[in-house]
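Numbering (full-length UniProt numbering), first residue to last: 1 to 327.
It is possible that some hints are incorrect.
Using C-beta positions, here's what the derived DEER-type ranges look like [stated by the list, open to error]:
1) Leu-229 x Arg-99: 41 to 51 Å
2) Ala-298 x Gly-183: 17 to 27 Å
3) Leu-222 x Arg-34: 43 to 53 Å
4) His-39 x Ala-294: 47 to 57 Å
5) Phe-232 x Leu-304: 16 to 26 Å
6) Ala-294 x Arg-212: 22 to 32 Å
7) Thr-299 x Glu-168: 17 to 27 Å
8) Phe-72 x Ser-223: 35 to 45 Å
9) Arg-95 x Gln-198: 32 to 42 Å
Here are the simulated SDA-like pairs of lysine to any residue, each with C-alpha atoms no more than 25 Å apart in a straight line [as the list claims (entries may be wrong)]:
10) Lys-250 x Arg-297
11) Lys-205 x Arg-149
12) Lys-150 x Ala-91
13) Lys-295 x Gly-285
14) Lys-295 x Tyr-241
15) Lys-250 x Asp-194
16) Lys-180 x Arg-149
17) Lys-303 x Arg-149
18) Lys-295 x Ser-252
19) Lys-295 x Glu-305
20) Lys-180 x Ala-254
21) Lys-203 x Phe-181
22) Lys-203 x Asn-277
23) Lys-150 x Gly-188
24) Lys-295 x Ala-283
It should be emphasised that the hints constitute simulated quantities derived from the structure, not laboratory data.
All C-beta atoms, glycine included, are put in the ideal place defined by N, C-alpha and C.
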Amino acid sequence: MQSRDWLRVHRLQYIQKAFDTTERALVYEKLLARGVPAHVVAVVQSLFDGCTFQVMLDGQLSSAIDVLVGVFQGAVLSPFLFNIQIDDLPAGLCRVFRRVAPSLYGQPVPAQMFADDTSLYALSDDVAQRMLDYCEEYARRHRFVFNARKSQVTRDRRGATFTINGDEIPDEADLASPTKFLGMVMRGGDFAHDAQLQDRTGKAKSLLMAIRRTGALATKHLSLARKRLLIFCWVRARAEYGLAFSDHSKASLAGMDSLMKSSVAMAFGNRSIVRGNVLMLRAAGIPPAAARQAKLRATRLFKLESFAASVPTDALLIVGQNVQFLP
1 MQSRDWLRVH
11 RLQYIQKAFD
21 TTERALVYEK
31 LLARGVPAHV
41 VAVVQSLFDG
51 CTFQVMLDGQ
61 LSSAIDVLVG
71 VFQGAVLSPF
81 LFNIQIDDLP
91 AGLCRVFRRV
101 APSLYGQPVP
111 AQMFADDTSL
121 YALSDDVAQR
131 MLDYCEEYAR
141 RHRFVFNARK
151 SQVTRDRRGA
161 TFTINGDEIP
171 DEADLASPTK
181 FLGMVMRGGD
191 FAHDAQLQDR
201 TGKAKSLLMA
211 IRRTGALATK
221 HLSLARKRLL
231 IFCWVRARAE
241 YGLAFSDHSK
251 ASLAGMDSLM
261 KSSVAMAFGN
271 RSIVRGNVLM
281 LRAAGIPPAA
291 ARQAKLRATR
301 LFKLESFAAS
311 VPTDALLIVG
321 QNVQFLP
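Using the sequences and the hints given, assemble the complete structure.
Take a look at the structure:
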């Protein structure tokens with residue numbers, strides 16, 4: 001990425017509001033415009049249209065109420081339908097701002113979008129505000145609104161203030177909680193690796209204690225291999241999130257190693273060993289955090305190198321969205 005005058009506008013909103021008020025009619029129109037057969041669209045429509053809900057208050061059940069907008073939370077199709085509704089927003093940003101946006105391997109990257117996280121990237125205050133104005137106008141045409149109060153600006157130094165819908169977007173320096181993008185802690189427009197490690201290790205430790213209270217690690221009815229899967233899928237996966245982008249020293253990763261040793265000690269059922277030891281890690285097939293970090297970093301770099309060689313010059317590097325829809 002280009003690093004000069006880096007500015008990052010980070011939007012944070014609740015995806016539930018967007019899913020609950022997704023304009024389904026617009027989604028069906030876009031599916032048809034993309035060439036999806038009418039009978040397939042009809043099947044999708046039958047899954048959502050005609051649904052009702054009821055409310056119980058003080059033991060009294062209301063009459064059925066039609067669900068006119070929105071898609072089901074947790075439904076397999078819901079994220080895809082949500083994406084389709086505003087999938088031309090990132091394409092428009094790329095088309096309008098490709099010459100003034102940061103680039104990655106020659107590809108313009110004015111925005112990154114995934115699930116309920118949206119980020120806008122600009123090299124100057126003027127371009128950043130123009131991007132926000134473009135998003136505001138797009139939202140107005142498609143009947144949704146971005147929420148300035150749940151958005152943040154993160155950058156390497158103070159600059160101009162930014163607005164959307166007439167509301168000022170707060171700067172990260174004025175907020176009590178850290179800025180996060182896809183679970184990564186941000187500071188000054190870049191990843192805050194030390195804060196990220198502390199945050200993820202803390203979350204993994206809390207989850208380990210929750211698993212311990214269930215008795216899953218102490219029971220004799222689960223094999224060590226099963227307990228190892230629990231540790232891998234829940235504790236280690238949460239603790240190592242972001243390691244592929246970091247370069248922590250071995251000393252910095254001592255807390256993560258200690259956490260994994262404690263996990264394995266519980267899995268072995270030896271309550272007298274609070275922190276476990278290296279031999280237990282080896283027996284469970286869990287490498288030290290430094291070795292794991294090196295592997296994750298190497299895998300990411302190899303994939304990035306292959307990606308750079310395969311990306312065509314006119315490709316778009318944008319996916320996803322994050323909005324709050326109007327009622």
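Hints versus structure:
1. Leu-229 x Arg-99: 41 to 51 Å: 49 Å, holds
2. Ala-298 x Gly-183: 17 to 27 Å: Since Ala-298 and Gly-183 have Cβ atoms about 22 Å apart, the given range 17 to 27 Å holds.
3. Leu-222 x Arg-34: 43 to 53 Å: 47 Å, holds
4. His-39 x Ala-294: 47 to 57 Å: 52 Å, holds
5. Phe-232 x Leu-304: 16 to 26 Å: Given about 25 Å between the Cβ atoms, the range holds.
6. Ala-294 x Arg-212: 22 to 32 Å: Cβ of Ala-294 to Cβ of Arg-212: about 29 Å, so the range 22 to 32 Å holds.
7. Thr-299 x Glu-168: 17 to 27 Å: Violated, since Thr-299 and Glu-168 (Cβ atoms, about 41 Å apart) do not stay within the stated range.
8. Phe-72 x Ser-223: 35 to 45 Å: Since Phe-72 and Ser-223 have Cβ atoms about 37 Å apart, the given range 35 to 45 Å holds.
9. Arg-95 x Gln-198: 32 to 42 Å: 40 Å, holds
10. Lys-250 x Arg-297: 15 Å, holds
11. Lys-205 x Arg-149: 31 Å, violated
12. Lys-150 x Ala-91: 24 Å, holds
13. Lys-295 x Gly-285: With Cα atoms ~15 Å apart, Lys-295 and Gly-285 stay inside 25 Å; holds.
14. Lys-295 x Tyr-241: 13 Å, holds
15. Lys-250 x Asp-194: 13 Å, holds
16. Lys-180 x Arg-149: 15 Å, holds
17. Lys-303 x Arg-149: Violated, at about 37 Å.
18. Lys-295 x Ser-252: Roughly 17 Å separates the two Cα atoms, so the pair holds.
19. Lys-295 x Glu-305: Holds. Lys-295 to Glu-305 sits at ~15 Å (cutoff 25 Å).
20. Lys-180 x Ala-254: Distance ~24 Å between Lys-180 and Ala-254 Cα, so the pair holds.
21. Lys-203 x Phe-181: With Cα atoms ~16 Å apart, Lys-203 and Phe-181 stay inside 25 Å; holds.
22. Lys-203 x Asn-277: 22 Å, holds
23. Lys-150 x Gly-188: 18 Å, holds
24. Lys-295 x Ala-283: 20 Å, holds
Taken one by one, the earlier hints fail for this structure at numbers 7, 11, 17, listed in ascending order.
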